[in-house]
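Engineer: Use these hints to put chains B, C, D, E and F onto chain A, whose structure you have.
Number of protein chains: 6
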Amino acid sequence: MPVIFFEGPKLPLEKKAEMIKGFTEVANGVLPRIPKEAFVVILKENHIDNVGVGGELLSVMKKRHREEAG
Amino acid sequence: MPVIFFEGPKLPLEKKAEMIKGFTEVANGVLPRIPKEAFVVILKENHIDNVGVGGELLSVMKKRHREEAG
Amino acid sequence: MPVIFFEGPKLPLEKKAEMIKGFTEVANGVLPRIPKEAFVVILKENHIDNVGVGGELLSVMKKRHREEAG
Amino acid sequence: MPVIFFEGPKLPLEKKAEMIKGFTEVANGVLPRIPKEAFVVILKENHIDNVGVGGELLSVMKKRHREEAG
Amino acid sequence: MPVIFFEGPKLPLEKKAEMIKGFTEVANGVLPRIPKEAFVVILKENHIDNVGVGGELLSVMKKRHREEAG
Amino acid sequence: MPVIFFEGPKLPLEKKAEMIKGFTEVANGVLPRIPKEAFVVILKENHIDNVGVGGELLSVMKKRHREEAG
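Protein sequences, first through last, are from chains A, B, C, D, E and F.
Residue 0 is where the first sequence starts when you use numbering that gives the first Met the number 0, and the numbers rise one by one after that.
Residue 0 is where the second sequence starts when you use numbering that gives the first Met the number 0, and the numbers rise one by one after that.
Residue 0 is where the third sequence starts when you use numbering that gives the first Met the number 0, and the numbers rise one by one after that.
Residue 0 is where the fourth sequence starts when you use numbering that gives the first Met the number 0, and the numbers rise one by one after that.
Residue 0 is where the fifth sequence starts when you use numbering that gives the first Met the number 0, and the numbers rise one by one after that.
Residue 0 is where the sixth sequence starts when you use numbering that gives the first Met the number 0, and the numbers rise one by one after that.
With the rest of the complex left out, here is chain A:
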């Protein structure tokens, strides 16, 4: 019944599996009386054009950082 949402970047399949396994173990460790099968994880992959940090597009920020690192 508990549901965990992860809002983050796009992930390859093996990292998705790792994230889901890890979150479920953490949550089930904290709440051991809820059966493991009841934990649901939903991964939300956001494109860097759809995320802003400090008012700036993440895609623009990353480009800027790359250029500064030159």
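Simulated from the structure, these hints should not be mistaken for laboratory data.
Note that the structure is predicted; figures quoted are calculated from it, not measured.
All the pointers check out, no bait thrown in.
Only pairs whose alpha carbons sit at most 20 Å apart, straight line, appear in this in silico EDC-like list of lysine to aspartate or glutamate:
#1 C:K35 - C:E24
#2 F:K61 - C:E13
#3 A:K61 - F:E36
#4 B:K20 - D:D48
#5 F:K43 - E:E55
#6 E:K35 - D:E17
#7 B:K35 - E:E36
Structural biologist: Frame of chain A; chains B, C, D, E and F shown alone:
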């Protein structure tokens, strides 16, 4: 003004229409003083690689079930 | 595994039960191959000071409507 | 640390940047003691087949309006 | 129909009004063809015991900062 | 910048700290290039009258289970 989110699998268009109509009728039936036009439904279709149940990827679980069913 | 969120007003207990039963029946009707026990509904009750419509607080809008209605 | 989610239509890149900049300025204006870099905005672009208003698919409603407008 | 969620700290009423007005003006400025009345804002006030940054409770982090500022 | 939401039951403070620490370590382990301080966790505690499983209120289900257990 009330907003209903559905986190589930990918759906064909006619099932989307059915889901939206049904949710709105239920919610408006419970809250008849709110005009029907004020109810918003947003369907969130999640890929089975982005959902985990019991710590396992839904895509892996489905594959396993198919193999067990042989 | 599907999860339905309802963002709306505060509700008495019998209306919560009605909403949860109705949403589950609709969703399970559209997706009959998913067992009924797998559907989760989470009701989010929002105070009218925390909701805005058209840029105005819902609590202010309701007060205004009551005054206009005399 | 505050997070703003926008559930709306698909947007071109320059409108995404404008939305993210504007939301962050508003939120940081209201909460000036939280540093600007701590504000996160996530834009959720929903297809008009996944949104319902008044129990009707937004895509169907738009089509109907266009036909009525002739 | 667009919905804006703000996940942040508890706010006094006048700051809620300011936040809702500001978000709506920004979103309606970016999407002028959607009528202003269609924009919904929902403020989610989170207790500092329910938010973590960098793996640490916000309430613990704030206490630590106060002590360090001592 | 990644944000993790946990929708679950009410938790005592030490379990909140444990949940937040654990989720952040898992997510940062999967995404080691994102600095730890950028991970945000928001715990959403839901009353058992606001959650439904299989169309039934969680509070009703728990009461029934207790009665069946005698």
